[in-house]
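Those protein sequence lines, which keep their order, are chains A and B.
Under this note's numbering, the first sequence has 66 at position 66, and the numbering climbs by one with no breaks.
Residues are numbered in this note's numbering as their position in the second sequence, beginning at 1, plus a constant of 1000.
Certain hints may be false.
To be verified - According to the in silico footprint, chain A covers these stretches of chain B (three or more CB under 8 Å from chain A):
{"hint": "1", "region": "1068-1081"}
{"hint": "2", "region": "1126-1132"}
{"hint": "3", "region": "1231-1241"}
{"hint": "4", "region": "1303-1312"}
No lab work stands behind these hints: they were computed from the structure.
All residues carry an ideal CB built from backbone N, CA and C; glycine is no exception.
Each chain, letter by letter, is given below.
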Amino acid sequence: MLTTEALVKELVEKNGRNRNSLMPVLQGIVQQEHYLSEEALLCVAKELDLAAADVYGTASFYTFLDTVPRGKNIIRVCKTITCHMKGKDEIINTLSNALKIKVGETTHDKKFTLLTANCLGWCHKGPVMLINDEVYPELTPQKALEIVEEYAKSTH
Amino acid sequence: MENNLKKVDIIFEVDDKCTPLEVLDKTLKRSADDIILDLIDSGLKGRGGAGFPTGLKWKFTRNETGDVKYVICNADEGEPGTFKDREILDRVPEKIFAGMTICGYVVGAKEGYIYLRGEYNFLLKNLMKKLEDFNNALKKRNIDFRIYFKSGSGAYVCGEESALFESMEGKRGEPRNKPPYPTVAGYNSKPTVINNVETLVYTTMICHMGPEKFKALGTSDSRGSKVFSVSGDTPIPGIYELELGMPLHEFVNEFGDGDTKAVQVGGASGHCVPRKKFNDTIIGFEGIPTGGSMMIFNSSRSMYNVLHDYLEFFTEESCGQCTPCRVGCQQLLKGIEAVKRGERPPAYLDDLKKLTGTMKIAAKCGLGQSVGNPFNSIIDNFREEIIY
């Protein structure tokens, strides 16, 4: 895997050395490293010739640009009204018990982070969760558990 | 019970005899002014919720001087209860691309961007391939227009057009002061047309079938049809394209479960309509306009929980830039909790309603301005459920 510095350089090269590239660059780092470390933010500031505070300001605004360490797989369970009505609490409790973490926490082996999210746009097929970029609608507690187990098996 | 609800098939219609590229070829032979006249004549208004006349938006941008202009497709669909744009992007993306290209031709733009919410990134793989084919087809035809994708990163407020520009420019998604409007200074401070996904598809289809057919649908204030996202307590949740201007009771007859207590029209930022008002509520610009979100609640649901969920949503999604919205959302949430616990008298709800009035006047963007819609309509119609 690339060092953070090399990764930032590569992303800046690909997206262009200007402010308009900031979002794709930050998104690219999160994809590889699962969050934005202080080192990464400083590297981006240097490469794009921006104040570090500017870079942090943008990063900290967006839910999907995490500035605290996250697991390899980030689970986001939709908590908005229709998913609430269809039983998102059971999904969250099941996953929370299975992974032995609360919402907002990361497992000790750094494989999973459990989060909630605002409306994911699947209100007709709730409850729903995202794992990284993949979407899993029409969940039952059993189904959610099986999906997460699959990820556990394939993540090293 | 008799039902006149009219289902329509324009958005998702697949016509092998006339593909979006063929519509494009046909349309680009016409003059830009003719296309604008057709759009104005069709009566098409923006389908994202705000309802600005699309033809005028294009005309204003065309009238701006300057070499650099942009066309942006707002695919940052974040309103709770809305999922129609995801379906459109998934099923008929070429119609969106064609609409953007026609717009580029009309206003004189060479670049188009689709701002896709991060929650829909799983669509990208398929979309990128289709976009590449489309861009290649444009190149082959010597059309000087290219479309690109930009991803969001989980911020509801970026669906507000000026916040979306800020985000594309690598900044915090904080709405700008208006004016200037996007048609004058949008992305990179250049004249920009920003349209909702569904609106762009309708522009393609109006160019295809002519304004008359579109105009024949709907009412004089709400021309045409609209894609509705139906969810909640309904046996048949999903996407439905319906004629605008329908009475809400007809909608409930079709989609309700027989025990419908209320319908939230227009998502969390929309209005809650109780059963007793179904008969005299029209879904359209003359009644309650909507970006398409229709959430149905039956009598087993607590409207306190519904309002609480909406207020939590707004408290988290407020960008925090202006005080009326940042503090207002928090105080509304704390306020109904305090009334529920009996720490505040029921009359405190009226003070909170005044606060939404202040937010409507003083908040910088539609987010803070519209929190009063769900708040007041739920408090007014279900006051006892909030208090007890």
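Exercise. Looking back at the numbered hints, which does the structure fail to meet, lowest number first?
Worked result: 2
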